Amino acid sequence: MNEIYALLVVLAIAAAGLAGGQMSFGRIALAEVIPYAAAILFLAGFCWRIMRWAWAPVPFHIPVTCGQQKSFRWIRAAKIDNPSTQWGVLARMAAEILLFRSLFRNSRAQIGGGWLILSESGALWLSALAFHWALLLILLRHLRLFLEPVPAFVNALERLDSFFQLGAPPLYLSDVVVIAALGYLLIRRFRDPAVRFISLFTDYFGLFLLLAISVTGVLMRYFTRIDVLNVKELALGLAAMRPQAPQGLGPIFFAHLLLVCALASYLPFSKLMHMGGIFLSPTRNLANNSRSRRHINPWNHPVKTHTYPEWEKEFREKLQSAGIPVEIAEGAGDAGNARTN
Amino acid sequence: MRDRVWIFIGLAVFVAAFTAPFWHVHAKTSARQPDLVLPANQKECVAPASTMRDAHMQMLLNWREDVVRRGDRRYVAFDGKVYEKSLTHTCLGCHSKAAFCDRCHEYSGVSGPYCWNCHSDPQATVTRSRP
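Protein sequence lines, in the order shown, are assigned to chains A and B. 1 is the number of the first residue of the first sequence in this note's numbering; add one for each residue after it. 1 is the number of the first residue of the second sequence in this note's numbering; add one for each residue after it.
A portion of the hints provided could be inaccurate.
Stretches of chain A that chain B covers, calculated by requiring three or more beta carbons in the stretch to come under 8 Å of a beta carbon on chain B [said to hold, decoys possible]: (1) 140-153; (2) 161-173; (3) 179-190; (4) 219-229.
Computed beta-carbon distance windows for the label pairs [to be verified]: (5) Ala-37/A - Ile-9/B: 26 to 36 Å; (6) Ala-95/A - Gln-58/B: 21 to 31 Å; (7) Ala-37/A - Pro-48/B: 46 to 56 Å; (8) Gly-67/A - Asn-117/B: 48 to 58 Å; (9) Met-52/B - Ile-198/A: 18 to 28 Å; (10) Trp-133/A - Gln-58/B: 56 to 66 Å; (11) Arg-74/B - Ala-37/A: 52 to 62 Å; (12) Gly-93/B - Ala-37/A: 44 to 54 Å.
In case anyone wonders, no lab produced these hints; they're calculated from the structure. Model, not experiment: these values are computed from the prediction. Where is the CB? At the ideal position from N, CA and C, for every residue including glycine.
Using the sequences plus the hints, can you model the full thing?
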């Protein structure tokens, strides 16, 4: 049922956009008020979540490692998968964020002939990577609507994205990739009973929301057509704090806009916050140097201790007179201390 | 404790990048749509202005295929007038590339129409050939 609820909510948002786009009052709300509310919710929510994580105590280094730890000089260490320096951590985080290194290890468990068989399964990694990069490209391409003059790098991205010059307006490869990848991620949740069993409302909602945004965008660009000048006028007006809903924008544009606002305001309060959270994962962003450096819990209460050397020093004469052997050699002082510690 | 500094730097960079359009200097000055130089000698285009604004690129692509693949150069417009299917003669006969096409294309960041890989701008050619 989770998937049906999620789909219904997304369809309701799209329908609200379509209906609001038909009314002048709805157009003003959708184009001039809701985008600001969504931007404020997104920014404030995002900062709030990051602040909460920033204040969460991480007393110890707890990296989850996947390779040989730094050890003797003649044992080759996995410098990136098991980093012992900050540079290694940087490389590991870059591989995690840009290439989804840990998702690449995803495997499939099967029973074959009475044996448990673990095989490589790259489809999830590939579609997740394709989706995220395509989404980034789409976001950066939309800067052409918010910046005047359009920066050269945005124009370069646009040319790269329409590289094959198919049709007019030319087909963006990122549009194809994003819908194909989201489609796979959705079908994956339906197809595998185990994955379907653990899928929650929020898992489906994010996917349906992103799919609906992509589909409305594709409809506007290739099928129902839209006057980009009017869209840019609205976007620049929003950026200049003087929003003005121009005439001549079809209802599908308002559905697209409302879905984007829903995504922006939902993101900080959902699993989609992994966007910021991935930078703050203590199992990834800490160096595995617990053996070479001592990490002391910063809020340790000072405990009054009485170590063995201190105890032996206190009762030395009594021990010796009772014939009990003592650990610390006569006149060893600090050397004996260091050993027993 | 020490890491918090890095978290705040990262967060500040993200917020600055997200709100970049607000700080962008030109956003406040040129929110208006570009001024287009409309043809002086004609009142009607080959299709209503709203259609041309949305769908001129599809029309140009259809014209190209009709002319290059089928040799069909006759275009009957919505009001019954007959035009030649030609970018250089019909479109650029009235419109100026620099003062009409390019202004909107630069404004909306549509940088890559490949019309000019084959076609030349008649006005630019004329001015260049005059010494």
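Okay, the hints, checked on the actual structure:
Counting residues of the segment 140-153 of chain A whose beta-carbon sits less than 8 Å from any beta-carbon of chain B gives 8, enough to reach three: the coverage restraint holds. Requiring three or more residues with a Cβ within less than 8 Å of a Cβ of chain B, the coverage given for the segment 161-173 of chain A holds, as 6 such residues are present. Counting residues of the segment 179-190 of chain A whose C-beta sits closer than 8 Å to any C-beta of chain B gives 0, which falls short of three, so the coverage hint is violated. For a cut-off of 8 Å, the count of residues in the segment 219-229 of chain A with a CB near a CB of chain B stands at 5, and the three-residue condition holds.
Checked against the hint of 26 to 36 Å, the pair Ala-37/A and Ile-9/B passes, with Cβ atoms roughly 28 Å apart. Restraint check, Ala-95/A to Gln-58/B: a C-beta distance of roughly 43 Å breaks the suggested window 21 to 31 Å. At roughly 37 Å, the beta-carbon separation of Ala-37/A and Pro-48/B lies outside the given 46 to 56 Å, and the hint is violated. Gly-67/A and Asn-117/B have their C-beta atoms about 51 Å apart, which keeps the hinted 48 to 58 Å range intact.
Range check, Met-52/B to Ile-198/A: about 52 Å between beta-carbon atoms, so the 18 to 28 Å window is missed. Our hint of 56 to 66 Å for Trp-133/A and Gln-58/B is violated, since their Cβ atoms are close to 29 Å apart. As the Cβ distance of Arg-74/B to Ala-37/A is approximately 53 Å, the hint placing it in 52 to 62 Å holds. Between Gly-93/B and Ala-37/A the CB atoms are about 49 Å apart, so this pair conforms to the stated range of 44 to 54 Å.
Consistency note: the structure conflicts with the earlier hints numbered 3, 6, 7, 9, 10.
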